[in-house]
Every structure is written in structure tokens, then in C-alpha cells.
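Could you build all of it, start to finish, from the sequences and the hints given here?
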Amino acid sequence: MPEVFDALPGHEVPVAGIRRGLAGLWAEAGQRGEPTLEADDAKATQVNFVLHLGLGATPTDAQEQFATVVKFSRRHPGRVVVLCPLHADVPTLEMRAKVYGECFLGRTKSDKRCVEFVMLSYSRSARPFLENQVSICLSTDLPLYYWAHRFSASGRLADYTYLLGRAKRVLLDSAIAPADALDYPWPNPRATRDLVYSRLLPIRQSIGQFLAAYRPAVLAEGLGAVTVAHAPALAAEARVLLAWLRRRLTACGAAMDAVQAATEAIAEGQGAESGAGLEATLAYSAPGRSFRWRGELANGRAIFQADFGTGRTELTGVARLLEPEIALSEAMFF
Amino acid sequence: MSETARHPFLHGLSKHRGAPPTVVVIFGASGDLTARKLLPAVYNLGHDGLLPADFFLVGYGRKAMPDDEFRALAAAAIREYSRREPAAAVWQQVAAPMSYLAGAYDEAGAFQRLAAHLDGLERRLGRSLQRLFYISTPPSVFAPIILNLGASGLAGRHAGTPLHSKVIVEKPFGRDLESARALNATLRSVLAEPQVYRIDHYLGKETVQDLLVQRFANAIFEPLWNRNFIESVQITVAEDVGVGARGGYYEQSGCLRDMIQNHTMQLLALTAMEPPGSLEAEAIRDEKVKVLHAIQPLTIGPGGDVTRAQYGGGMVGGQPVPGYREEAGIAPESATETFAALRLLINNWRWQGVPFYLRSGKRMARRVSEIAINFRRPPGTLFAGETARFDLAANTLSFQIQPDEGLSLILNTKVPGLETRTQPVKMSFRYATTFGSNTAEAYERLVLDAMVGDGTLFIRGDEAEASWRLYTPVLEYWRNVGRAGMETYAAGSWGPPGAEALLARHHHGWRQP
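Which chain is which? The protein sequence lines are A and B, in order.
With the first letter of the first sequence counted as 1, position 271 gets the number 271 in my numbering; the numbers rise by one all the way through.
With the first letter of the second sequence counted as 1, position 80 gets the number 414 in my numbering; the numbers rise by one all the way through.
A few of these clues could be false.
Unchecked claim - Derived DSS-like pairs: lysine-lysine, alpha-carbon spacing no greater than 27 Å straight-line:
(1) A/168 <-> B/760
(2) A/112 <-> A/71
(3) B/505 <-> B/397
(4) B/760 <-> A/112
(5) A/168 <-> B/505
(6) A/168 <-> A/71
(7) A/112 <-> B/748
(8) B/748 <-> B/760
(9) B/760 <-> A/71
(10) A/71 <-> B/748
(11) B/624 <-> B/748
Please keep in mind that the hints were generated in silico from the structure rather than gathered at the bench.
Quick caveat, the model's predicted, so the values are computed rather than measured.
Rendered as C-alpha cells:
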């Protein structure tokens with residue numbers, strides 16, 4: 001997919017001249033009167049970030065993810081390497097490179113952060129040499145974060161064990177990853193993070209704080225079913241939210257093996273429920289006990305309805321998913 | 335030359351601005367090193383006003399050529415390799431006193447002619463000239479040159495004065511302990527040790543010199559510079575180029591001789607030595623020798639302290655490149671290593687149990703030379719949170735010698751936010767961003783040091799022997815086993831699996847600088 005590489009910003013340089021290209025980038029910026037790197041302290045080499053665009057990425061999608069990384073870099077500037085594989089039918093041992101840089105100016109002169117991007121396009125036959133090339137684009141000693149985006153099959157990840165093994169965090173989005181991605185034998189499973197889980201942070205926080213007002217035993221006692229209903233586009237979020245609820249309820253003492261747990265899609269235009277993007281329900285065997293959280297993501301509002309034997313409570317709250325660049329930050333650092 | 339021995343008119347002036355009247359004679363004047371390094375170094379010294387007012391340069395080589403042709407060669411070399419654009423006025427100053435003499439290196443008569451030529455310069459000048467001989471030839475002619483310098487009387491000129499002749503010798507200082515001893519014996523038969531300047535250009539690099547300043551001029555490092563706080567030390571001298579046109583030479587040399595035995599050992603010595611009593615050359619060199627002698631003999635063979643490999647085909651700079659044994663001038667069954675990695679232990683109070691990992695190779699992922707000091711992790715579990723989110727990095731102090739000379743220190747810091755989360759950050763100092771990028775090349779510094787008689791940044795004979803004493807058993811072992819145990823690594827990579835395994839056995843891993 002050279003079109004993905006071509007669609008990304010930056011100017012093309014020889015692969016052997018990436019460092020010179022980056023240096024030249026700032027020199028040219030200075031000539032245009034734009035911010036330059038007068039000292040390394042403005043250069044943002046405090047994290048290494050590899051965005052690996054899989055074969056499933058389109059030019060538009062790639063530009064979208066690139067924009068997300070640019071926004072992320074405003075807060076966490078770093079050396080960003082974007083990998084763009086070519087389809088298997090490209091027979092040449094080919095690698096191409098582009099460089100790109102941006103500086104973000106804050107309110108004071110010292111609040112200037114600059115970020116450097118290196119885009120690498122590579123053919124399948126060049127893949128065995130890719131990791132060495134990436135290694136010299138990274139800043140030594142600093143942590144590496146690796147985002148595998150729209151890879152077409154989990155098995156392909158075996159070609160990148162260097163990056164997967166070295167990365168402090170490996171990020172994937174289970175909403176768009178192959179079905180077996182979460183079961184893939186990651187070299188360092190503790191480092192793997194699902195961006196869906198990160199996106200759900202405000203919802204987990206909101207539900208967690210509400211339920212934390214009750215003793216764990218109260219939440220576990222008589223629990224019969226856990227259900228997360230979802231709009232069609234939020235199936236992954238529902239699955240992850242359900243898994244999180246199961247883990248937390250287990251920690252509260254619920255015997256989850258005996259509890260029904262499921263997600264279910266909310267059909268389009270299903271009456272009054274159609275505004276709910278996500279809806280979590282805990283069903284209890286004891287009469288009068290219930291918990292329901294309904295998140296209307298379209299308007300950012302959530303409604304809690306609960307009765308744990310102390311009377312019915314109804315509250316409103318905030319329901320939103322994290323913005324993509326904040327979700328990246330959450331997955332990487334927290 | 336000590337301060338007290340210098341001319342009263344130089345008192346209080348930089349010793350580097352007080353070089354005495356000198357004639358530099360380059361043996362191997364038409365060679366590659368002369369063109370790439372020596373002539374540009376002389377030119378830039380002239381540009382900076384550091385050459386003495388009475389300065390002459392004589393090229394000596396086997397090939398006959400008139401003075402003008404030598405000047406033309408020099409002009410071309412300076413245009414191509416100097417860090418500065420040639421300036422006409424400076425070139426005139428450097429070129430006017432240039433001359434060339436042709437002769438064999440083992441021809442006594444030629445050295446008599448050379449002596450007469452230098453005497454003639456001295457007579458025309460009307461005052462004494464220091465003779466500085468730069469031996470930039472293949473090692474096979476080191477001995478005849480040295481012996482002829484002695485026989486012709488050139489080596490002994492102005493003995494007992496600061497103008498006593500000096501000789502700069504390029505590496506290699508032998509092929510093993512026996513040949514190093516033989517070379518030293520030859521040198522000592524003609525010259526006193528203070529007249530000999532064994533050059534290792536790494537010592538002329540700013541960061542290498544800065545290592546001493548960082549260690550001994552900052553109170554924060556030296557108290558930590560020992561086995562109590564340092565987990566390991568890694569020294570990397572990596573090249574991204576292959577053997578190129580030097581295949582014939584390299585086949586006879588290999589990585590251990592070409593890089594490890596000299597450059598990396600000098601870096602190790604400066605890193606590990608005890609504080610010298612002063613900055614005098616002998617005080618520093620004494621400490622370097624002491625630490626070299628304290629290195630334990632290497633365990634050789636499978637599972638030992640040394641690994642070697644040759645580069646295979648691969649990709650460098652996005653382009654496919656051939657393997658070592660496919661290069662011109664390389665035997666298909668060559669047993670010459672292009673990569674070596676080893677683990678050294680220093681048996682003294684300061685370093686007991688701290689591994690020093692050294693590696694060097696051709697066709698590695700990038701050209702980089704660095705010393706990395708890996709500190710021990712902080713004790714305790716203060717930051718061992720519930721989700722292991724406090725993945726603290728080890729503090730690492732790295733001296734980058736080339737390219738981008740400078741140093742950096744890795745610290746753990748708090749990520750801004752309500753909760754305490756940590757992230758490693760890098761504090762960097764780069765010479766180019768602080769002092770500008772057009773700083774003197776190593777050869778400029780070293781040629782000038784030899785001119786002013788400062789041997790601090792040169793290798794003493796016993797240093798060279800101490801290093802060969804360590805590595806000669808390795809070379810003998812490799813010679814006996816042929817290609818057995820030789821690994822292959824992809825060109826453009828960081829080395830073979832065996833190098834990784836060497837560190838993994840001790841729960842360490844190589845950096846990728």
C-alpha cells in the first residue's frame with residue numbers, strides 16, 4: 001500500500017539519510033521563520049512511539065491515526081516512527097522513508113515542544129531488516145510504545161517480536177483487531193493494552209464510584225445475571241465493559257461461574273432505548289434488588305437506577321468515551 | 335614539556351599556542367590516512383593559528399613526485415576532507431613550506447638524504463627545528479623506518495632539549511603480545527619512551543577527554559563510580575560500513591585487533607582507572623596501566639567470555655549489501671571476525687563483580703561509539719504499585735563519542751497528573767548544540783599535542799603490551815579452531831545471537847544506542 005505511505009505528510013529522504021533529513025527539517029523551518037531546535041531540550045525525545053499501520057489500513061484511516069498521534073504528541077512529545085507495509089505482491093527489497101516534524105508553542109518561550117516523525121514503507125522481503133532500521137530511528141534508553149493498528153492477522157505479529165518484546169506497552173484496539181488478537185501469545189502479555197478498555201475509562205470510573213458506595217458483599221449477594229446491551233457500533237466496548245464488571249464482581253465475592261453474563265445488541269430504533277449507546281444491568285434473585293446504568297453517549301449523559309435493599313436511587317452522570325489521543329495516553333502510561 | 339621547562343616568553347600562555355619551530359615528516363605521505371586526516375589536520379591547525387611560525391611539512395614516500403605534485407595532492411585532500419572550506423591565505427601559509435622526498439623505508443641512504451634535507455631547512459631558517467616524524471605506513475615497515483631514524487641520527491637530534499625528535503606511530507602496535515614487545519624493543523633501541531607517541535585517535539575526541547572531566551570535576555559521579563552503585567558498563571564501537579576496499583588488510587587483522595584491542599580498551603581504561611595524582615601524562619598513563627593489569631584473564635571457548643561473528647548479507651540504509659565473505663579480497667572460507675563481543679571483569683576493590691561488556695563490529699545497524707554506565711536499580715518497593723505501573727528504568731549515564739558527541743543521563747520522573755506514575759526521561763548534553771559543531775578533529779588535537787610534547791592522549795608501550803597480554807590467548811585460540819564457533823549476523827543488525835546470549839547469561843542485555 002504505497003498509497004498509505006504517500007498519503008502521510010512529510011518529505012521523502014533516502015533511508016540512509018533519515019538523521020540528516022530530520023536535521024535538515026529544522027534547518028529549513030528556521031529559514032522559513034518557524035520554530036527551530038536551538039537546543040535539544042525542545043526536541044521531544046522523551047518517548048519512542050511506533051505506529052504500525054497494518055495491511056488493513058486505508059489512506060484515510062492512516063491520516064486519521066496520524067492526526068491522533070500528532071495530538072497525543074502535543075502532550076507527550078516523542079520520536080514517532082510510522083511503519084507502512086507494502087502488500088505481498090511487491091517483489092522488491094524496498095524501503096522508503098519520509099520525515100516530518102512539528103513544534104508546539106505554549107504560553108511561554110520555554111514551553112516549546114517539538115516532535116519528529118519518521119515514516120518507513122517496506123516490502124515484505126525487506127521485513128527481516130525492518131527492526132534494525134527502526135532501532136536506529138529510536139532514541140536510546142527511552143521507553144518504546146508500540147501501537148499495532150489494523151493488522152490483518154495476529155500471526156503476522158510473529159514477524160515483529162523485536163518490537164513486541166522491547167515495548168513497554170503494546171497497544172491494540174480489539175474493536176478492529178482480528179478475533180484472536182486477545183488470545184495471541186504476546187511476548188510480554190503484561191505490556192499489552194486494549195485501547196477499548198482505555199476508551200471506557202470515564203464509564204468505568206463513573207460506574208465504579210457509584211457501586212463503591214455499597215459494601216462488596218451487598219453487590220455480590222444473590223447476583224443472577226450481568227448484561228451489557230449496546231448499540232451495534234459498540235460491540236467491543238460492551239464486551240470489554242462486561243469483562244470488567246465480571247472481574248470486579250468476582251473481587252466483591254460473587255460466584256461468577258453461576259452468574260449469567262452476556263452482551264446483547266440494541267436494535268436500531270428500538271423505541272425509548274435507542275438513545276442508549278451502552279446499558280449495563282445487574283439482576284439479583286432477591287426481589288426489589290436491581291442495578292441499571294444507561295449511558296447515552298450521543299449526549300454524554302448517563303442514568304443510574306439502583307436498589308440494593310436500602311431504597312431506590314436514581315442519579316444522572318456523565319457517559320463518554322475518551323478521545324483517541326487521551327486513550328493512547330491512558331493505555332501507555334496508566 | 336613541563337611548564338618550568340618552557341621559554342619564559344611562553345609563561346602563562348596556553349602550551350598549545352607555544353609549539354616550538356617544527357618540521358613534520360610524514361612517512362606514507364601518499365597514503366589514505368595522510369589525505370583524509372593528517373593534511374586536513376595540519377591545515378586546520380594553521381587556520382586556527384596553532385602552527386608555529388617556523389613550520390615545515392615534508393612528505394616521504396616510495397613514489398617519486400615533485401614538490402608541486404605533492405602540494406597539489408595536499409590541496410585536493412584538504413578540499414575534500416577538511417572540516418573547513420580552504421582559505422587562500424591559510425593555504426599559502428601551509429603549502430609554502432611543504433616539500434617531498436622519495437625513498438624506500440629500508441634504504442639508509444634515503445634517510446641520510448632526509449637528514450640532509452632537514453638540516454638544510456634548519457640552516458636556511460638559522461635556528462633549531464624540532465623534528466616530528468609521523469609513521470603512517472603499513473606496520474611491515476615500522477621497524478626499518480625506526481631503525482633508519484636511529485642510524486641516520488635523526489632520532490637523536492637535539493637530545494636533551496625540548497626540541498628532541500619525536501615519533502608518532504599509527505596503530506597497530508603489533509599483532510599480538512610477542513610482536514608488540516618486538517615493536518617496543520625496536521622503538522626503545524632508538525628512542526626514549528617520552529619521544530614515542532603511539533596514536534589512538536579515539537583519545538583525541540572531545541567526549542573521551544570529557545570523561546575525565548565528568549568523572550573528576552563533578553562531585554556527584556565519583557562517589558557512585560564503583561561496584562556498590564554500578565551494575566555494568568557497556569562500551570560499543572560500531573561501524574555501519576563494511577570492509578570496502580580494505581579487504582586485504584582486514585583479512586589479516588579482524589575486529590579484535592582492529593578495534594577492541596586498542597580503541598575500546600582505551601575507553602575502558604579511562605572509564606575504570608583510579609583518579610590520577612595529577613593531569614600529567616605519566617600520572618594518567620600509570621593509572622590506565624594499573625587497571626589494564628587488573629583485568630582477569632578471559633574464559634575462552636563455548637559459553638565463555640568472548641564471541642565472534644562475520645556479517646552476512648543484509649540491508650543498510652534501506653539498500654541490500656553483501657556479506658563479508660562475498661566482499662572483494664575476502665577468502666570464501668575466511669575465519670576473520672568482523673564482530674567481537676566480550677565480558678571483562680576487573681579484579682580490584684572498585685570494580686569487583688561489575689562486568690564490562692565490550693563490542694565492536696562492521697556493518698552494524700549504525701555508526702556509533704559510546705560508553706554506557708548502567709547504575710543499579712534503587713532498592714525498596716516504594717513505587718511497586720498495584721498494577722506494576724511503576725516500571726522504573728535503571729539510571730544510565732552514556733557518553734556518546736561519535737557521532738553527536740555528548741552525554742545523557744536517564745532519570746525516572748513523575749508523569750504530570752493527579753496520580754504518581756513514573757516515566758524515564760533523558761537529560762542530554764550535546765557538544766554541537768552547546769559549543770557549535772565545527773570543533774577540532776581528533777587528529778588536530780593529537781598532532782598538536784605531539785608538537786608541544788604532551789603525551790597524555792597517547793598510548794605508552796606498557797599499555798599496549800597489557801592489552802595484548804589479555805587478547806593474545808583469544809587470538810591463538812581462534813587461530814587453532816579455525817571457523818568453529820564463528821557466527822553470522824545480518825548486515826545492518828546489532829550483532830549475532832551469541833552476543834545477546836553472552837549478556838543474557840548474566841541477566842543483562844545490550845543497548846541499542
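Against the structure shown, which of the earlier numbered hints fail to hold, in ascending order? 5 and 11
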